[in-house]
Amino acid sequence: DGGITQSPKYLFRKEGQNVTLSCEQNLNHDAMYWYRQDPGQGLRLIYYSQIVNDFQKGDIAEGYSVSREKKESFPLTVTSAQKNPTAFYLCATDDPGREANYGYTFGSGTRLTVV
Amino acid sequence: GQQLNQSPQSMFIQEGEDVSMNCTSSSIFNTWLWYKQDPGEGPVLLIALYKAGELTSNGRLTAQFGITRKDSFLNISASIPSDVGIYFCAGMKTSYDKVIFGPGTSLSVIP
Numbered sequence: 085d086g087g088i089t090q091s092p093k094y095l096f097r098k099e100g101q102n103v104t105l106s107c108e109q110n111l112n113h114d115a116m117y118w119y120r121q122d123p124g125q126g127l128r129l130i131y132y133s134q135i136v137n138d139f140q141k142g143d144i145a146e147g148y149s150v151s152r153e154k155k156e157s158f159p160l161t162v163t164s165a166q167k168n169p170t171a172f173y174l175c176a177t178d179d180p181g182r183e184a185n186y187g188y189t190f191g192s193g194t195r196l197t198v199v
Numbered sequence: 784g785q786q787l788n789q790s791p792q793s794m795f796i797q798e799g800e801d802v803s804m805n806c807t808s809s810s811i812f813n814t815w816l817w818y819k820q821d822p823g824e825g826p827v828l829l830i831a832l833y834k835a836g837e838l839t840s841n842g843r844l845t846a847q848f849g850i851t852r853k854d855s856f857l858n859i860s861a862s863i864p865s866d867v868g869i870y871f872c873a874g875m876k877t878s879y880d881k882v883i884f885g886p887g888t889s890l891s892v893i894p
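Taken in sequence, the protein lines are chains A and B. Just so we're aligned, residue 85 is where the first sequence starts under the numbering used here, counting upward by one. Just so we're aligned, residue 784 is where the second sequence starts under the numbering used here, counting upward by one.
Don't read these hints as lab results, they were simulated from the structure. Warning: the hint list may mix true and false statements.
[Unchecked claim] Each computed DSS-like pair below joins lysine-lysine, with the alpha-carbon atoms no more than 25 angstroms apart:
| # | chain 1 | residue 1 | chain 2 | residue 2 |
| --- | --- | --- | --- | --- |
| 1 | A | Lys-155 | A | Lys-93 |
| 2 | B | Lys-834 | A | Lys-141 |
| 3 | A | Lys-155 | A | Lys-141 |
| 4 | A | Lys-167 | A | Lys-154 |
| 5 | A | Lys-93 | A | Lys-154 |
| 6 | B | Lys-834 | B | Lys-881 |
| 7 | A | Lys-141 | B | Lys-881 |
| 8 | B | Lys-876 | B | Lys-834 |
| 9 | A | Lys-154 | B | Lys-881 |
| 10 | A | Lys-141 | A | Lys-167 |
| 11 | B | Lys-881 | B | Lys-853 |
| 12 | A | Lys-155 | B | Lys-881 |
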């Protein structure tokens, strides 16, 4: 059963701590994305990776870091430099170049709260 | 950068009513997508449109790819409580381009 797994579903962090959100996929998709969603807001792109060992900054990359050492995994680290990290984080994957465009497949999200 | 506009921003409707929402862009897209996000979950693809003028249905949902390629519309007939959520439109130029998302329309259904 192919899909995307984001863990944990809920995460609490103390101010000044780094925290890493997990995103794993078994869809064999090349591209992976991280989005941030604030209450009542749309999706804002943090980082994306179109191939292993390569990634690009999105619109709001400051205070975040990523790695793409394996095709299946694209973890996101929220660093202490991110001033307002409380948000809902979504991971998505894509299979660029396939015959029909179906857009992105999303995980179920991780809700991060700074306490 | 490219932007999509969605209207209305939010809707409160009675159960059983029909719903219409739209999405506009200053750029041409070759694929239009409609997603629904349930509270606390990730967005799920509802309908994909590939040709200008195309009308596609998925149960009570019907979406249209605008003739100008710069807009798309989503209609929901006979709304039910489980239709509650945020509806996002999205556009793509080619399958190699990033998906551009609209800001979403929040739908609330009053039983």
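Taking the hints in turn, this is what the structure says about them:
no.	hint	in the structure
1	Lys-155/A x Lys-93/A	22 angstroms, holds
2	Lys-834/B x Lys-141/A	31 angstroms, violated
3	Lys-155/A x Lys-141/A	18 angstroms, holds
4	Lys-167/A x Lys-154/A	29 angstroms, violated
5	Lys-93/A x Lys-154/A	22 angstroms, holds
6	Lys-834/B x Lys-881/B	19 angstroms, holds
7	Lys-141/A x Lys-881/B	13 angstroms, holds
8	Lys-876/B x Lys-834/B	12 angstroms, holds
9	Lys-154/A x Lys-881/B	21 angstroms, holds
10	Lys-141/A x Lys-167/A	18 angstroms, holds
11	Lys-881/B x Lys-853/B	17 angstroms, holds
12	Lys-155/A x Lys-881/B	18 angstroms, holds
Hints 2, 4, counting from the list given before, are not met by this structure.
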